[in-house]
Structure formats: C-alpha cells, structure tokens
Amino acid sequence: METLLSIIFIYIFVDNFVLHRFFGICPFLGVSRKMETAVGMSMAVIFVMTMATMVTWLLNSFVLVRYGLEYLQIVTFILVIASLVQLVETVLRKISPTLYQGLGIFLPLITTNCAVFAVTLLAVRMEFSFVEAIVFAVAASVGFSLALVIMAGIRERMEMAKIPDVLEGSAVTLITAGILSIAFLGFQGMLSL
Amino acid sequence: MLIVYAILALGLVGLLFGLGLAVAAKVFYVETDPRVDAVKEAVPGANCGACGYAGCVKFAEAVVSGEAEPGDCIPGGEETVAEIARILGKEVSMSASPIATVFCIGDNYRAADNFIYHGVQDCAVAENFNGGHKTCTYGCLGLGNCVRVCPFDAIRMGTHGLPVVDEEKCTGCGLCVTECPRDIIKLLPAGQQGHLVLCTSQDRGKTVSKACEVGCIACKACVKACPQEAIEMDGKLAVIDLEKCDDCGICAEKCPPDTIYQRGSIPTEADAEAAAAEKEKEEATA
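Order-wise, the sequence lines are chains F and G.
Every letter in the first sequence is one number past the one before it in our numbering, and letter 124, counting from 1, is 124.
Quick note: to get our numbering, add 1000 to the position in the second sequence (first position is 1).
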C-alpha cells in the first residue's frame, strides 16, 4: 500500500512526466491553448496510458520475457499502442458516440505521443508488479494532465495580457513552460522509490 | 535463428493485432449517411456557427436529417446552397446573404476621447472600464473584437481606429454583430442601394456634438427633407428605411454634421485622413 501511495505522489509531483522528464512536450504545447481541449486531451491520455500499460505489461511478462525476446520491447510496444488507440477509437465510436465526440480528435494524436510510450517502457524497466504498473500509469497520466491543465490556465490568462511583440506566441509559451518546470523542481527529493 | 524468432514473434503479434482491428472494424461498424459527408464537403468548413449549429459537421447532419434548411448556411452563398439542395434533392430556399456594416464614423480624428486607455486591448473590457475611453458611449472603441472574431478575414482595423469591412469577403455570418459590445455593426441585405445614418447614438444633440463631429444630433433636418418620407426618428437617432429610400441624396446634403452617406461610399481611412488633414490646414490658416 505504501509503495502504491508513494508511486502516486512521485509520478504526479516529484517525477512529473512533462515538467521533470520532458515527455509529451508536443501535446503540452499544442493543446494547452484552451482549458476545454486541455481537459479533453488529459482524459484521453489517462485512458490510453492505463490501457496501454496493462496490455504491454501482460505481453511483456507472458510473451517477450518467456521467450527471451526482451530486445523487441520497443518495437512491440509501439505496435501495441498504435493498434490499441485504433481499437479504442473504433469501439468508442460505436458504443459511446458522446465520449467519441469529446475525445475524438485527441485519440489519433496520442498514437505518436512519447509520454504514452515512455510509461509502458518504464513500467517494465522499473520492474513493477501488475498492480503497481497500473497505478504508475494512472499517476503518470494524472501528472501529465496536471501540467497540461495548469499550462492551459496560464495561457488563457496570457491571451488577455499585453505581451511584448518579440515574445508573442511560442516564445512566451516556452518560457512559461520553463518557469513551471523550475517551480516543480521544488518537489525534488521529497520522496523516492 | 534469433532473427527468425524475432521475425516470427513480431509478425505474429502484428498479424494478431491486424486481425483484431479488422474484426473490430466489422463488429463495431457505424453506419453513416453518405450524404452527410457530401454536404460536409460542400460547405465552406469555417465552423463559423452562423447556422446555429456547433460547426459544419453538425450542420451537415442537421441538414440531412431535415432539421436545418440548406439556405441556413449563410456564408456558403448561392453556390453552396444549390449544391446542398442538389445532394438532398430539395428545393432551394435562398435567403440573400447580408453584409456587415459598421454604423459609426467617429474615427480617431473626429471623435473625442475621455482618457487614454492602456488596459487589455479588448472592446468588452474597455467598455466595462469607466464606460469606455471614448466620450461617446455609443461609438466604436476601435479595439478590434470584430476583427478577431471574423472567421473569413473580412474585417480589418483601419488606421483611423474604425473597422473596415471587406464586402467581397464578408459572408454575413453575423459573428461580429453579436461580438460588438456596443451593437454598432448591423447586417444589411447585399446589393440594396440607399443612404445610411452612420451613427447609433441615442444621446441629446448637445452631448453628441461635444463627443463627436460626425454624430447624429437628432436635428430632424433629414426627416423634413426626405421627399420619400423614408426617414423616421428612433428616439434621438434618425433611421432611414432602405425599402423606401430611392437614393436621391438630399438627406446627405442637408445633414449638418455629415452623418449620412450613400451605401458603397462609406468613408474609408483615406477619407478620414484627408478630412483630418484639411481640418488641420483650416486651423492653421485661421
């Protein structure tokens, strides 16, 4: 229990995927313009990361490790994530059109998201148990969502602010992301596994 | 041997996923009306929302289900509406696309300011800050909310501090009309001729003439002069009925502050600058 709680805390705050490990910077900058899209993307990422980690963990333990094919981890995991996202999209469209409308455009984006891939790979490299791996995936994706939502909140406010011409657009966004990352540095060393 | 295993393992996993996806695609197949896609292709795709639906896709669905009419897509214009009607085999019911017109000519040179505004560059925010920086509480604040909301790039902010509508690009979607916090922009039927009172001020004449050189002072000179009796007073503002107006131009001649202009010759930034330069010259000689 204690391990699970520390995994949750570590991967939301201390070892935040976006702000400390710099995974998933592309959606972090891409869809953080509006709170609405940021929340949509966050939900999609939480969903896909958890699903992907479950499938890859099982595949890794029962197929790859058993037959000594660990060196195929990277390529198989990419395959799993890509087809999983496709599958989720098809199924979602049929059984829950509303959820599909909400997540719709974000799902294909996640196929090529390095944060999702990193979670699946790390879950195996860290030698987590199945339950630990799932908790890790949820915590990591919640950490990603936290960063995304904070960023969206800041950027919505910046829309209203007067920003010097030279800094407008990507420049000020990157600077903000940097400062945010420095702020999260404060969690460093609070807890480790 | 190692390579063979690797190829076999990956190949099998790939095959498995591929089959899974193929099965899923069949099992979870969602039937979509091909007409929805056809309509989606036909509309401009700017997601402007002028039809009252959230985006062009929703509109396409609504049209196909009979909820909306092809003519509801105002930005599409005649061609699009005809195309949608052809896809659905429907009769065309065309509503002529109107054009946005800015009912204020109180530019930077001719309308007075109460104070210099340095806040958030947004008309709605400025409006709420002490009633706006312009002395006239009806005139254009010139911070360009209409420019930013226009999905067709049809409005730009002129150097004289008033928005300029590009009539070629304007589709009459009406987003700027709802966006303007002072309700200065109105939609007028395209192609119709006539004269316009380019002011929305309901203030008394004295207040208006202090705030703006070209505002309607409610003197009723135009109402009396109009041979067609097309001009009526709406409170403290003269309004011309375009249906009755025969474009004779007598009202424009009689108007003391020069508020009335013919449609199509609404003062541009060049006119505003020329007028400002002339006034400066006069002041210099005086």
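Be aware that one or more of the hints could be misleading.
As the list claims (entries may be wrong) - Think about it this way: if two alpha-carbon atoms lie no more than 25 angstroms apart in a straight line, the pair counts; the simulated SDA-like pairs of lysine to any residue are:
#: 1; chain 1: F; residue 1: Lys34; chain 2: G; residue 2: Thr1178
#: 2; chain 1: F; residue 1: Lys162; chain 2: G; residue 2: Lys1279
#: 3; chain 1: G; residue 1: Lys1026; chain 2: F; residue 2: His20
#: 4; chain 1: F; residue 1: Lys34; chain 2: G; residue 2: Gly1045
#: 5; chain 1: G; residue 1: Lys1026; chain 2: F; residue 2: Arg33
#: 6; chain 1: G; residue 1: Lys1040; chain 2: F; residue 2: Leu107
#: 7; chain 1: G; residue 1: Lys1090; chain 2: G; residue 2: Asn1108
#: 8; chain 1: F; residue 1: Lys34; chain 2: G; residue 2: Phe1152
#: 9; chain 1: F; residue 1: Lys94; chain 2: G; residue 2: Thr1178
#: 10; chain 1: F; residue 1: Lys94; chain 2: G; residue 2: Lys1058
#: 11; chain 1: F; residue 1: Lys34; chain 2: G; residue 2: Gly1055
#: 12; chain 1: F; residue 1: Lys162; chain 2: G; residue 2: Lys1040
#: 13; chain 1: F; residue 1: Lys94; chain 2: G; residue 2: Glu1067
#: 14; chain 1: G; residue 1: Lys1026; chain 2: F; residue 2: Phe187
#: 15; chain 1: G; residue 1: Lys1026; chain 2: F; residue 2: Val88
#: 16; chain 1: F; residue 1: Lys162; chain 2: G; residue 2: Asn1108
#: 17; chain 1: F; residue 1: Lys94; chain 2: G; residue 2: Glu1167
#: 18; chain 1: G; residue 1: Lys1058; chain 2: F; residue 2: Lys162
#: 19; chain 1: G; residue 1: Lys1058; chain 2: F; residue 2: Leu4
#: 20; chain 1: F; residue 1: Lys94; chain 2: G; residue 2: Lys1279
#: 21; chain 1: G; residue 1: Lys1026; chain 2: F; residue 2: Ile154
#: 22; chain 1: F; residue 1: Lys94; chain 2: G; residue 2: Ala1038
#: 23; chain 1: G; residue 1: Lys1058; chain 2: F; residue 2: Met51
#: 24; chain 1: G; residue 1: Lys1058; chain 2: F; residue 2: Glu132
#: 25; chain 1: F; residue 1: Lys34; chain 2: G; residue 2: Gln1262
#: 26; chain 1: F; residue 1: Lys162; chain 2: G; residue 2: Gly1055
#: 27; chain 1: G; residue 1: Lys1058; chain 2: F; residue 2: Ile95
#: 28; chain 1: G; residue 1: Lys1058; chain 2: F; residue 2: Glu36
#: 29; chain 1: G; residue 1: Lys1026; chain 2: F; residue 2: Leu109
Stated by the list, open to error - Listed next, the stretches of chain F that the computed footprint assigns to chain G, with coverage defined by at least 3 CB atoms under 8 angstroms from CB atoms of chain G:
#: 30; stretch: 75-81
#: 31; stretch: 168-182
Derived from the structure by calculation, the hints contain no laboratory data.
A quick note: this is a predicted structure, and the numbers were derived from the prediction, not measured.
C-beta atoms are modelled at their ideal positions from N, C-alpha and C, and glycine is treated no differently.
Against the structure, the hints:
| no. | hint | in the structure |
| --- | --- | --- |
| 1 | F:Lys34 x G:Thr1178 | holds (22 angstroms) |
| 2 | F:Lys162 x G:Lys1279 | violated (34 angstroms) |
| 3 | G:Lys1026 x F:His20 | violated (42 angstroms) |
| 4 | F:Lys34 x G:Gly1045 | holds (21 angstroms) |
| 5 | G:Lys1026 x F:Arg33 | violated (37 angstroms) |
| 6 | G:Lys1040 x F:Leu107 | holds (22 angstroms) |
| 7 | G:Lys1090 x G:Asn1108 | violated (50 angstroms) |
| 8 | F:Lys34 x G:Phe1152 | holds (21 angstroms) |
| 9 | F:Lys94 x G:Thr1178 | violated (37 angstroms) |
| 10 | F:Lys94 x G:Lys1058 | holds (18 angstroms) |
| 11 | F:Lys34 x G:Gly1055 | holds (17 angstroms) |
| 12 | F:Lys162 x G:Lys1040 | violated (38 angstroms) |
| 13 | F:Lys94 x G:Glu1067 | holds (23 angstroms) |
| 14 | G:Lys1026 x F:Phe187 | violated (49 angstroms) |
| 15 | G:Lys1026 x F:Val88 | holds (14 angstroms) |
| 16 | F:Lys162 x G:Asn1108 | holds (22 angstroms) |
| 17 | F:Lys94 x G:Glu1167 | violated (44 angstroms) |
| 18 | G:Lys1058 x F:Lys162 | violated (36 angstroms) |
| 19 | G:Lys1058 x F:Leu4 | violated (44 angstroms) |
| 20 | F:Lys94 x G:Lys1279 | violated (69 angstroms) |
| 21 | G:Lys1026 x F:Ile154 | violated (44 angstroms) |
| 22 | F:Lys94 x G:Ala1038 | holds (22 angstroms) |
| 23 | G:Lys1058 x F:Met51 | violated (30 angstroms) |
| 24 | G:Lys1058 x F:Glu132 | violated (43 angstroms) |
| 25 | F:Lys34 x G:Gln1262 | violated (43 angstroms) |
| 26 | F:Lys162 x G:Gly1055 | violated (30 angstroms) |
| 27 | G:Lys1058 x F:Ile95 | holds (19 angstroms) |
| 28 | G:Lys1058 x F:Glu36 | holds (19 angstroms) |
| 29 | G:Lys1026 x F:Leu109 | holds (23 angstroms) |
| 30 | 75-81 | holds (count 4) |
| 31 | 168-182 | violated (count 0) |
When held up to the earlier numbered hints, the structure conflicts with 2, 3, 5, 7, 9, 12, 14, 17, 18, 19, 20, 21, 23, 24, 25, 26, 31 and fits the remainder.
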